[in-house]
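Residue numbering for the sequence shown follows UniProt numbering, beginning at 1 and increasing consecutively.
Please note that a few of the clues may not be correct.
Straight line, CA to CA, 27 Å or less: simulated DSS-like cross-link-like pairs of lysine-lysine [to be verified]:
hint, residue 1, residue 2
1, LYS214, LYS176
2, LYS87, LYS134
3, LYS126, LYS214
4, LYS122, LYS176
Pairwise CB distance ranges, derived in the manner of DEER restraints [stated by the list, open to error]:
hint, residue 1, residue 2, range
5, SER35, ARG83, 27 to 35 Å
6, LYS176, ARG147, 47 to 55 Å
7, GLY74, ASP295, 45 to 53 Å
8, GLY74, LYS176, 43 to 51 Å
9, PRO218, THR106, 21 to 29 Å
Just so you know, the hints here were simulated from the structure itself, not pulled from any lab data. Virtual Cβ for every residue (Gly too), placed ideally from N, Cα, C.
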Amino acid sequence: MGIWCIITTALAAFSTGAVWYWQGKYRERELSEISSMLECILDGRELPERRADQETLLSKITHQLFRLQSMTKGYHARLEQDRDSIKNLITEIAHQMRTPLANIETYLDFLQDEDLSREEQKSYLKAVMLSEKKIHFLAESFIKMSRLEHRIIQIRPLDTDLLLTLSEAVSQAEEKARRRGLRICTRFPETLFHPHDADWLGEAVFNLLDNAVKYSPPGSGGEILLGAEQNEMFVRIWVSDHGTGIEEGDEARVFQRFYRGSNAGKTEGFGLGLYLTREIVLLHGGFVKLKRQEDGTCVEIYLGYCSHPTGAPVTVSSPF
1 MGIWCIITTA
11 LAAFSTGAVW
21 YWQGKYRERE
31 LSEISSMLEC
41 ILDGRELPER
51 RADQETLLSK
61 ITHQLFRLQS
71 MTKGYHARLE
81 QDRDSIKNLI
91 TEIAHQMRTP
101 LANIETYLDF
111 LQDEDLSREE
121 QKSYLKAVML
131 SEKKIHFLAE
141 SFIKMSRLEH
151 RIIQIRPLDT
161 DLLLTLSEAV
171 SQAEEKARRR
181 GLRICTRFPE
191 TLFHPHDADW
201 LGEAVFNLLD
211 NAVKYSPPGS
221 GGEILLGAEQ
231 NEMFVRIWVS
241 DHGTGIEEGD
251 EARVFQRFYR
261 GSNAGKTEGF
271 GLGLYLTREI
281 VLLHGGFVKL
291 KRQEDGTCVE
301 IYLGYCSHPT
311 GAPVTVSSPF
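Kindly produce the complete structure, drawing on both the sequences and the hints.
Structural data, given as structure tokens:
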């Protein structure tokens with residue numbers, strides 16, 4: 001009897017040891033596989049396909065590692081895209097700055113001539129000041145553009161008077177319109193409250209008005225119309241002019257940065273206004289639509305009734 005007890009105990013101990021040994025080897029193999037997969041991720045190699053077994057811990061960890069690799073690849077792709085975007089932006093900045101900087105250098109050389117008349121000096125100084133204003137405008141636009149493209153702008157929608165925001169945009173543009181012999185008219189309802197960031201949306205509308213003024217024939221006494229209306233689904237804001245208009249096929253391209261329509265001719269501008277307007281409106285959860293007219297253009301802003309809490313910042317931030 002004693003011998004059988006000893007044998008039974010020995011067999012039980014052996015079985016337990018064998019199980020522990022087998023489990024240890026199995027865990028070691030699992031850890032080795034996990035280590036190999038981590039090495040693949042660190043080296044930038046694709047993870048090998050494995051049979052999905054949702055009942056094992058290894059399968060769950062494998063699934064998580066596949067997700068991690070997918071997120072890492074997406075991160076690197078976005079990082080590369082941002083790097084290319086910054087490189088292209090620097091190239092565009094250099095290209096756009098070249099002309100006004102060259103003009104300043106040229107006119108400063110002219111001003112060194114001691115035989116210049118008083119009128120010539122005034123003319124050259126005016127040209128230098130104009131080029132300086134262009135550089136300042138470009139620098140400000142590039143800063144805004146960079147902030148918009150990298151989604152670091154906070155839109156703070158407040159349920160305030162939208163008509164006040166639109167009226168302030170008119171007041172910023174009407175002096176330039178008056179100097180060009182144009183009038184800005186408005187078509188508003190009695191009241192219109194809608195959640196929006198007054199500073200940024202005001203700039204978007206001003207860009208539309210400024211474009212309408214620039215591309216309308218001077219001295220024509222023409223009207224530029226700024227209107228607004230609302231229904232149960234959205235608020236519509238529009239700017240309509242009787243200017244040079246947009247060529248067929250340019251409707252989408254004019255919203256690209258630095259793109260100027262084939263009708264732009266020698267009209268001042270850099271092709272940034274519509275681009276900035278579209279980006280600002282997108283951050284408000286809306287969209288911009290352009291309509292060609294027989295004698296001009298109509299640009300419309302549509303703002304939906306978003307679910308963001310009033311006063312809460314709406315940030316479209318970089319995933320990094």
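Results for each hint:
| no. | hint | result |
| --- | --- | --- |
| 1 | LYS214 / LYS176 | holds, 9 Å |
| 2 | LYS87 / LYS134 | holds, 22 Å |
| 3 | LYS126 / LYS214 | holds, 20 Å |
| 4 | LYS122 / LYS176 | holds, 23 Å |
| 5 | SER35 / ARG83: 27 to 35 Å | holds, 31 Å |
| 6 | LYS176 / ARG147: 47 to 55 Å | violated, 25 Å |
| 7 | GLY74 / ASP295: 45 to 53 Å | holds, 48 Å |
| 8 | GLY74 / LYS176: 43 to 51 Å | holds, 45 Å |
| 9 | PRO218 / THR106: 21 to 29 Å | holds, 27 Å |
Hint compliance for this structure: hint 6 is the single one not met.
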